[in-house]
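Residue numbers (full-length UniProt numbering): 1 to 673.
If you are wondering where the hints come from, they were derived from the structure by calculation, not from laboratory data.
Here the structure is a predicted model, which means the values were calculated and not measured.
Be aware that one or more of the hints could be misleading.
[What the hints assert, rightly or not] Derived lysine to aspartate or glutamate pairs resembling EDC-like cross-links, with alpha carbons at most 20 Å apart:
hint	residue 1	residue 2
1	K138	D179
2	K464	D445
3	K83	D166
4	K464	E480
5	K83	D51
6	K83	D129
7	K83	E105
8	K440	E105
9	K376	D389
10	K440	D126
11	K138	E158
12	K464	E499
13	K440	D425
14	K440	D51
15	K133	E105
16	K440	E499
17	K133	E122
18	K440	D456
[Unchecked claim] Quick list of simulated restraints, FRET-style, between CB atoms:
hint	residue 1	residue 2	range
19	V241	D322	28 to 38 Å
20	D326	R387	45 to 55 Å
21	S37	R377	12 to 22 Å
22	E420	E323	25 to 35 Å
23	D326	R391	36 to 46 Å
24	E140	P375	39 to 49 Å
25	V385	E29	44 to 54 Å
26	R38	D96	15 to 25 Å
27	V303	A395	43 to 53 Å
Where a beta carbon is used, it is the ideal one built from N, C-alpha and C, also for glycine.
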Amino acid sequence: MSGEVFGNLVQAGVINQLTVNAVAVRAPEPPRELGPSRTLINQAPQLGLLDRLLESGPRAAVVTGPRGSGKTALAQHWGNRHKERFPAGQIVVDVDRYRGDNGVEATDVFARLLHSLGVHPELVPDTLDGRAKLYATKVETGAWLIVLDNVGDLIDIEQFVPASDDSALIVTSRRARDDLDDAVEVTVSRLDPEHGLRLLADASGREEWAEDERHLASTVIELCDRMADAIKLAGRRLRRVRGLTLAELASEPLGGGAIAYATKHAEGSYDNLPERDRQALRDLVALPGTDFDIPLAAAVLGVDQATAQDIVNELADVYLIDETPDGRFAYRGLVERFARDLVRHEIARQDAVLRAAAEWYRSTATLADVMIMPPKRLRAGELTVDRDDARQVFATDVEALAWFESERANLLAVVTAANERGWHDLAWRIVDSCSSWFLKRAPHDLWTALCERAVDSAVHCGHKRAEARMRALLARALWERGSFDPAFTQLDAARAAAEQGEPAMLASTYEFTARRTVRAASSTRRSTGAGGRSTCSPRSAGRAESRSRPASSARRCWRRAGSTRPCRGSPTRWTESRRWTRRRTTRRWPSAASVRSTPGWAAVPMPRGHCSTPSPSCSAAMPTCTRCATCARWPRSPTTRRPGGGSCAGPSSSTSCSATRRPTRCARCSIGR
1 MSGEVFGNLV QAGVINQLTV NAVAVRAPEP PRELGPSRTL INQAPQLGLL DRLLESGPRA
61 AVVTGPRGSG KTALAQHWGN RHKERFPAGQ IVVDVDRYRG DNGVEATDVF ARLLHSLGVH
121 PELVPDTLDG RAKLYATKVE TGAWLIVLDN VGDLIDIEQF VPASDDSALI VTSRRARDDL
181 DDAVEVTVSR LDPEHGLRLL ADASGREEWA EDERHLASTV IELCDRMADA IKLAGRRLRR
241 VRGLTLAELA SEPLGGGAIA YATKHAEGSY DNLPERDRQA LRDLVALPGT DFDIPLAAAV
301 LGVDQATAQD IVNELADVYL IDETPDGRFA YRGLVERFAR DLVRHEIARQ DAVLRAAAEW
361 YRSTATLADV MIMPPKRLRA GELTVDRDDA RQVFATDVEA LAWFESERAN LLAVVTAANE
421 RGWHDLAWRI VDSCSSWFLK RAPHDLWTAL CERAVDSAVH CGHKRAEARM RALLARALWE
481 RGSFDPAFTQ LDAARAAAEQ GEPAMLASTY EFTARRTVRA ASSTRRSTGA GGRSTCSPRS
541 AGRAESRSRP ASSARRCWRR AGSTRPCRGS PTRWTESRRW TRRRTTRRWP SAASVRSTPG
601 WAAVPMPRGH CSTPSPSCSA AMPTCTRCAT CARWPRSPTT RRPGGGSCAG PSSSTSCSAT
661 RRPTRCARCS IGR
């Protein structure tokens, strides 16, 4: 049997004999991603507004306020308070983690939601429309609570509202949103002095403040700018630092403001750390991206993963770093300022840490790339690992793809940093190892940004092979985004670079050009032939129609390189025997349209013996035959003369082909040459 298997589902091609051993699969548990409730002070009005979601009215709420005001804590507290009203599940997505150069793409947020909804990664659609429809189908029934945290102003949140009347959507944002109709608007602002005093008392473990302490506590509140998160940090420091009094805390030269106080809080926690953990704090803040995991921390700290886990846990225990719901670690904004200030003069140390991180990303991305695509695939760099090496890190290709998805923002940051520091050879090699992820599911804006930096690095280091490969990948990303003219420009530059290198890379660029131009020409003919406007620009369509040699050029380059690699610009596979062969995947012979669109089709003899019912001759005077009008196959009879490259399933009404020994256009379908 041939086909694909997804769990206990089989999409079969040819079934000869099949035995299925079904194993009972336990239904997945509903997602519970809210986390523990946090302390809330003076949020009764806001909680009352959110309670309107339980009524038969609006199904969405927008919580707005400045950073550190407690928006996320409010959403978590309300969700835990009413979680029994949402038995289907509660899903929390930090939208800010999916931010790229052009903001946040809704496709990435939908992918994260579908993952929490139990959709297999291979079944997630590639398009925004497909993911939105699948998400709407999943949350159409049942009672769901969806929380989108840290939503910016570039993403449309209307499409995330569940259709079920029993479901609810909560969005937290630092800016006011007016693009969601009938949504409950909740504003979380700075605390008033009285409630700030109460929050500071709760965070520091006090019941209430004495009369002589209220003034000092009020001073601390104002130093924290009456922001909930900063006040909590102050209370935790007062509780943890032994012997620290409120008077000492209030008299310290903090400078005022939440950032100033948070920096002082971090300094107090930092002073109590051992030297090993202090050095780790200074090193980890130099990492690119938004968060990190234990393997990366171990690589840059030069220790094993168990030791790195202990160090990171120590830093998390004193609130210098936070653990994310997916088990990764990150600096929060107020504490990160203090950590970066520590290393502002340690330029050489920061570069060493960043270089170690870039090397780790290159090696890990290479292992993930090999796990997803076979090692024999064409690459710009030399491959020194195989599948056995990759399996020591990634069990399956799905796990490797998941690693790329979790590191997407960090990959862009590390490639950008390597490019800016002149580590050009390292920058393009990281991007080259991401090519399998690009071809599977990488977003086009991130793909384009990475390839642009890789092209710049390859040009700077003078590596023509890498430049050709990176430009070809960039052209594909531009093509998929609809930027046809820039894509052709990159392809021209890729061939120019490949002509100075080895024939195999030159053949790859011609192959890629053929695939794009044939597709563009075919799309243009179909759209204009149907009476509609072409999807390609006039310039792109003209260039696609005018290019007639990429596939044949690719075949020449592959033969020069001593390879029988398939010419993917041609719909069929070329071999050294100069004969058409079956496709490797479908085992089918080329179709009529495929043969017609392939340069040099008339000079290549087609195989015989594939049909027992040939169609009438293409002309009365020439003893050749065309494909069967019913099945579009060539005649089976070994005595029948092989055709000269006919490309139509129907007979031609002209007899001129007997003079030229070539078939003409069919009067019925106008196919021919």
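Hint by hint, here is what the structure shows:
1. K138 x D179: Given pair K138, D179 is violated - Cα atoms ~23 Å apart, limit 20 Å.
2. K464 x D445: violated, 25 Å
3. K83 x D166: holds, 12 Å
4. K464 x E480: Given that 20 Å is the threshold and the Cα spacing comes to 24 Å, the pair is violated.
5. K83 x D51: holds, 12 Å
6. K83 x D129: Violated: K83 and D129 sit about 30 Å apart, past 20 Å.
7. K83 x E105: violated, 29 Å
8. K440 x E105: Roughly 17 Å between the alpha carbons, so the hint for K440 and E105 holds.
9. K376 x D389: holds, 15 Å
10. K440 x D126: Cα-Cα ~9 Å, so holds.
11. K138 x E158: holds, 16 Å
12. K464 x E499: holds, 9 Å
13. K440 x D425: violated, 25 Å
14. K440 x D51: violated, 42 Å
15. K133 x E105: Roughly 16 Å between the alpha carbons, so the hint for K133 and E105 holds.
16. K440 x E499: Violated, at roughly 28 Å.
17. K133 x E122: holds, 16 Å
18. K440 x D456: violated, 24 Å
19. V241 x D322: 28 to 38 Å: violated, 20 Å
20. D326 x R387: 45 to 55 Å: violated, 27 Å
21. S37 x R377: 12 to 22 Å: Check failed, 50 Å falls outside 12 to 22 Å.
22. E420 x E323: 25 to 35 Å: Holds - the Cβ-Cβ distance for E420 and E323, about 30 Å, lies within 25 to 35 Å.
23. D326 x R391: 36 to 46 Å: Cβ of D326 to Cβ of R391: about 23 Å, so the range 36 to 46 Å is violated.
24. E140 x P375: 39 to 49 Å: holds, 44 Å
25. V385 x E29: 44 to 54 Å: violated, 37 Å
26. R38 x D96: 15 to 25 Å: holds, 18 Å
27. V303 x A395: 43 to 53 Å: With a Cβ separation near 24 Å, V303 and A395 fall outside 43 to 53 Å, so the hint is violated.
The structure is inconsistent with the numbered hints 1, 2, 4, 6, 7, 13, 14, 16, 18, 19, 20, 21, 23, 25 and 27, although it conforms to all the rest.
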